[in-house]
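Following the hints, put chain B in place on chain A, whose structure we already have.
Below, each chain spelled out in residue letters.
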Amino acid sequence: MEKIHLTIDGVQIEANKGDTVLQAARNAGIFIPSLCAHKELSPYGACRLCVVEIDNVRGTPTSCTTPAADGMVVRTNTEQLNTQRRRTLELMMSGHTSACFSCDSREECEAVKPTPAKAGISTRCGTCSNRSDCSLRQVSLGNFTRDMGLPSIYDPAKVERDDPFIDRDHNLCILCGICVRTCEKVHDGKGAIAIANRGSKAKISSAFGKEWNMEECLFCGACIDECPTGCLTDRWSRWFGKEDGVVESVCRMCPENCKINLRLKNGRLIGVEKTSLKPEDQLCALGRFGYVQILNSQGRLSRHYVKIGGEMIPSSFEEALDRTAEIFERNAGKILIAVPETSADEAKRSAMALSKKFNADLEFVKFDAAELSEESRKNIEGKKYSAMFVAGDYVGEELAGSVESFVNFDFLRNKSQNSADVVFAGAFEDEKNIVKKLEGQEALTSVLKALSDKFSIEESEELPKTREFVSPKTSKCAVPHAYMGHLVADLAPDFAAFGLPVSKKTGEEKAKSGYEILESKVLAPNFHSIKIKAPDMAKYAKAGQFAILMANEKSERSPFTIIDWNAEDGWVQFVFEEVGRSSAELGRLSKGDFLASASGPLGTPFDFSNFKQGQKVLLMGGCYGIAAIYPVARELKKMGVKTTVAIEASTSFMLFFEDKLKTVADEFIVMTRDGTKGSKGGCSNVYEKRGGEFDAAIAVGCVFMMKQCSLFASKTPLSLCSLNPIMVDGTGMCGACRVSLDGETKFACVDGPFFDLGKVDFNELAKRRTAYSLLEIDAMPRHLHSGGGCHK
Amino acid sequence: MSKLEKLRASAEKEWAEFTSNEKPRIMVGAATCGLASGAGAVIEEFKKQLEKAGLNGKVDLVETGCIGLCYAEPLVEIRSANSPSVLYSKVSPKDVEKLVNSHLIGGEPVKEKAVGVMDDKPFKDIAPFKEHPMVALQKRIVLRNCGVIDPTSFSHYLARGGYKGLERSLSMTQDEVIEEMKLSGLRGRGGAGFPTGVKWSFAKASQNDVKYVICNADEGDPGAFMDRAVLEGDPHSVIEGLMIAGYAIGAKYGYIYARAEYPLAIERLRNAIAQAEEAGILKNKDGFYFEIKIKKGAGAFVCGEETSLMASIEGVRAMPRPKPPFPANSGLFKKPTNINNVESLAAASSIMRDGGAEYAKLGTEKSKGTKTFSLAGKIERTGLIEVEIGTPLRDIIEKIGGGCTDGKKFKAVQAGGPSGGCLTAEHLDVPVDYETLSALGAIIGSGGMVVMNEDSCMVEVAKFFLGFTGNESCGKCIPCRMGTQHALKILDRITSGEGEVGDIERLKKICMTMKQSSLCGLGQTAPNPILSTLRYFEDEYMAHIEDKKCPAHVCPKLVHFKIDPEKCVGCTMCARSCPTGAAHGELKQKHSIDPEKCISCSACYQACKFGAVVRD
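Those sequence lines, one after another, are chains A and B.
Counting along the first sequence from 1, when you hit position 595 you're at 595 in this note's numbering, and nothing is skipped either side.
Counting along the second sequence from 1, when you hit position 347 you're at 347 in this note's numbering, and nothing is skipped either side.
With the rest of the complex left out, here is chain B:
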């Protein structure tokens, strides 16, 4: 690996330059989240303003990955010689001129846009970024490089200890690598939580000339984007992890199965693979030979299930196959196959660099290390975080996430996506680890956390997730295909005010059948959102069924709007927002709502500034 040594030396030099303040630098978060919030226009504006200021070529304009503060996108970090580097949030093109003139040229940070200063001590009343509530409690191992390095730069990755884990692994025997992984206690981050080292040992033990390792990057849970952030922000960490896995089990071929809806992640991966090939890491004919192919998934949720995923790579219809045979014995193209999730592999590269024991210091007794979570839903600070396993839920929701939006009351969090379950306010102090969540009817899963506040109807939430799994069921086995349809029909009935006594029992019966009898994990876990909402919010179901009321005022057929004449000032806002003309009235006259025309869309309720629109 002398070539790599040389490369690393120059990479370190490049990184030192990159992190020094000598050359002014503007870094814009340009992962999918940033781009979706308008980072593209911000970059264009920076180009324009730099030219205007005559700074063309004198300032580096760099696109980085996601640092995790999605709520604050577009994020821009400005580094100049005359002040410490400062991170700005919610930057719009109209802010750019000021940022350039004030900070870049004048050395005066724009305080109202600043999130934090990239320094240990405050600077001009701007607190250090690492003390930011969303950041302070995090422990970033998988996300170590995300938002920090330029994801298209091989040197950046290399300079930050990249491929040292691979180098160290190659200096060990396959069994030693597996032992090291077992020591780390890493459990599969795709959802099931199976110990990674043990999994590798199965595939290693399976004898065959050809073996495969697969990286499952078919992230499909609604509201989950951990894998995307890693692939977009630090693609080499996944490639390194996949190579380590390949070495450990004795595979020369790796696949990364990434969903086609992640074009940027695929582009970054392609780029990284080309760089690794160029550097002689991949397709190395003199040492450990390994090659990687990217397979784009066509967007079927069931492809997250390993046997379906392999069927999809083989080019046949993605349907789960019965196990046994397990992939470790007969997987892709009937060869021994090991399949790991993106996050597990990114963690593996770090573990093999720093040692399993180091990783095992983090976490709880049975759940070691860190876990990434995507915070979504009605939470103040949405984004991507990584915390030590065992962190109390309250820290995640309230400290890191900043609690519910608009100061509303926290009601529940759906943990683990459509296969998971909900945790409620009474669980805020439980440690988030595999065992605890599972005992409460939720799962860590791949790490999606969708927060719900008092305005969320839990029956509607269950219906949403079931609608999702129902649509994504491959249709192969009866319990999943038919069970989702019937459960959805019943939920539909309940939310439409046509629920019948006995529906809850019917639901439970169907859910149990699906759980016990479905062929794959999709069907077995699909009823979880129903079961867990029933477990904690049965009274809400009952209100729908017996009183024909939706306590959260969400289900359109169960919520009625009227105007309180005492409060109405005749501002016409309700009438103007009403799509059907149900809300009506003359200016400065009391308004009213025609129940015949009202579709319960709640637009008037949102529009009224005087609280005159009342829900019933």
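Just chain A, same shape as in the assembly:
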């Protein structure tokens, strides 16, 4: 390849002719920030961050679109360029949920919260599932100041979740066009998405702004894999974060047998990706989104079983194999072997060899069948066989029981196993070989190979030809209904949106009776307010108390502060943040729905006896605490205490309750972490600067906010906080809400929730709150779509 020479930042470098200045610089190890450039996609020039100065070239061209030329003199790092980049980035960030970028406490906060909160909507890095793998963060954090001076532009209507598999939040989109270009590239120029509309309304869209499922989109997921922000996300796997390993494998869901990359984290499959951006390497929706869900289904088998004395006993592989061999030998001539046609070639060869050796009938079950062929079923009913080896969930309990001996292989529990003599688990306890552990089909090869080895059978036979089939890569309608006899949509319910059959209905159940919701409002993204009818609770509620709520019978029990109540009318108000399954379920209830359970008031009421008329108190609220300090402030104000209410939020659009708090505050202070409203910073800045003016301070908010405030606890004679650990019963029984105060153990539910701010071990509290973080991800509600029918 022809070489050219150019000077970048005073360094003479060699580049290939045809390279852009950006490529030349990167190859030479010179960093130029950029977001829309993608090494496999054509130059685009939208983000304007890679601007450079070139001798004898007017202005500041973008290096991603400028071809490198021999003798060129390029500067990438001048004051002018950095100013330009910073300002462009500032503009970009104003249209992205970027409060964390400009927050002065980001590092400390992220040390306390190492993973993002699983919020309903991403409003900043701290609630963004893409945090661990975000190009925007990398570029921004490395190069730019926190001094962003523009208001944030945010539109709640830009969150789209009506499609299967993919969540889209256009508030995070920077319109780098990578998804659009990727879609075009991987679908041979015929992309399903494009940028629609102009100016501020411009956004990534399918044709005519319809649901993607109604349009050409095949849900190959390539766009998600390339999206540099958290705009396009895989709803099922997003909260697992970045993988710690990738293993190449093959998808066995249909005869296409695509190459896939398995994304693993802590040995667990968290996602499947294409192996390259070449059109032929793309995946279908089942491979991209279904595979991971199916293999993560509840009911995975992890042990082999052998029936001994009428009981299924967990056994070793060898025991299971011996029993199977015995069954084959005993029933020669009267055996049916059924394995999926999508099995590995080695598995099929072994199956053919076994069938020859034992004069057994062999069925390669059609890849999308949920049961055996009619012929096989008739033969079974006609008592042709005395033994069956079936890999998959193709026969029910009854048919399985109709033969003398039944061997089943499956990666999941199935009903035929109730009548089995041997069950092989399609998941070996083989820690070293994760892929084998994950793939039932690979394990089938081991079983059949071990069997044929046992009988020393030669395997040389030709494989039968694969049936003709339509690749699911070309049409959503061709996505197979079943995998190893299991209905796909049972295991990955989003597939119902393609019109795939389900055997049982899934989805959340709403309570049919309980505590009626009188009002449900969204105060800010993720922040909900509900008023419920609970006359008894309203009668006894006192400021500072909480209640444990459950949206439905299966919900987690979660504590929420009582914000307001009215004994006469019998209602109680709660404000909560959507940060996981239970709060999401609560947030989805609307007026007229019911809460399954609401127990309260719980906890020790706030002790007002420490306060006197004329005293000055600083009340600090962040997140849900903005609402939680309201009842305390109201009572204090009634007592004649001078209240200074300071609230903090990450950014202007996350503030709420301002008008309500002003009515109970003698002084009202607004702080935002990015400075888009009020002053820049948090409540702790107010406490630090002015703590000496007050007789007492009360902080309610997230662990980090209270931890920050606790540093200044000595500034006031009295300082309090309201703790929010994980709770179960809320009555001092379980001990889950244990907190440490100067080494002394207290139960937040009965001893609190208010404690001495200066004494709390916040690090321990933060750690205890993450105890179930992985299980919380598993519990996240994911199936949001209920539509049906195959669209084009």
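For the record, the hints were derived by calculation from the structure and aren't laboratory data.
When the alpha-carbon atoms are kept at most 30 Å apart in a straight line, the in silico DSSO-like pairs for lysine-lysine are as follows:
1) Lys3(A) to Lys334(B)
2) Lys335(B) to Lys17(A)
3) Lys509(B) to Lys201(A)
4) Lys662(A) to Lys557(B)
5) Lys201(A) to Lys323(B)
6) Lys508(B) to Lys680(A)
7) Lys39(A) to Lys323(B)
8) Lys689(A) to Lys616(A)
9) Lys677(A) to Lys489(B)
Relative to the frame of chain A, chain B by itself:
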């Protein structure tokens, strides 16, 4: 071209007949401007009156293009044997009977409706049209045929020297044509002012079997209608220019990208293309083969940007592409492409007929020739004009345009549309040429001139243009997409009386980012209206921000109305005009305005004949 020679001979005969007074003729300006002013009804009325007078078939009723006096539409020229031809303005159907009876039949022109006589000397106290103030200072090259010929007539164009420029070009080598264009000094009339001949030489130098020439007729600036007038009034001049460009660079295929909002222009172009094909000029298999396709644009401003325009022709989303590669090397369908604006091409056909040197005699040292301008806004004589480049702004605004409407004080003119900037009263004596305007923060651009008087709020003007570019931004690059949004928010704040100290600095910062970092011309020039109004009217911004006052009394939230009881006579006009019932009072009693209900729409202020409504 013997066929063309023959056609030209008969065309000349037809033209001679057309211009003679032998057969009476009524010509109605029926371009979009005329039709919008009611020319259609006037034509119908003429038909009726001619029939009534028994003159059916004896008088030609012709529709012509726009002669440029938009303020005076509908314009009607009446030509009869018994008097010189006279041009009438603001003709309504009720005037028609008199025009027919008095002028056409009686030979007595209707003086009160007359604009001028189409003769060298006055006729019955009607001054010659060419001495009309709007016409006298003009130099019409691009608009040479507009309003003069029947735009649907191929013969008219041919008779007036049409296609001679093409003939002459074809007799020269490609390089000679390009040299001739360079000699003329013609600079791109679409806005950027890049020398046309140089541009052609780039595309000529680019080697490829297939090349394209494109005529950019996606005129989108608010208040600009130069291209429309040319396409509607003289479509062949553009076709001829496009063919010359095609010959010069070696392209066989031409596109005319016209916005769909110009249906008449597209119809006239279609007609003209069919005529040129019929005459063997286009799709000529024996000589220079050239064919033209019309592509209708769907009304996106960004399609005026060349790479977006080409994307639009290709059928993909119109977004600018980074340059390089430049269109001359890789343009439409990745082939070498030359793209020129309508006016440049219309000028090219004239230049190639009369020679580059002739054209270069006009204009200034660096800006040769003539330029068309559309005069709009608060100016007495709105319309389309063509003047020599370098004409003082005062001549354009005051002499040609007749100054501001209602004798109000001239405040500024927005030159160059949303990408341009404003010129103020202190600039009235500067020559209008590329360099001078650019140094003052404005541009010639495509030629839009929107005049503002003392009643115009400059912050509001900047907001208007920014709102336009913000809506029309394709959204591709960050500085343009986000910058317009933030700048608009700040301007909105300022005009609502919520401006903060520091907003001007914020605006300037955003504007600089857009200018320096945007991908295409739309974003780079979008802040110009802000920057130039800030440059000349910063005190007006400050009045909004600090005093919460709009000096021009335009911004509704900053202007308050009350009634001066001294002057109020109780005529009820204000109360009757008020849409919210804020202005109220009994007949012959002093009226008053309820500030709670007042929406500052200014209707009462306009309605009061006694000056009793006072603005604050």
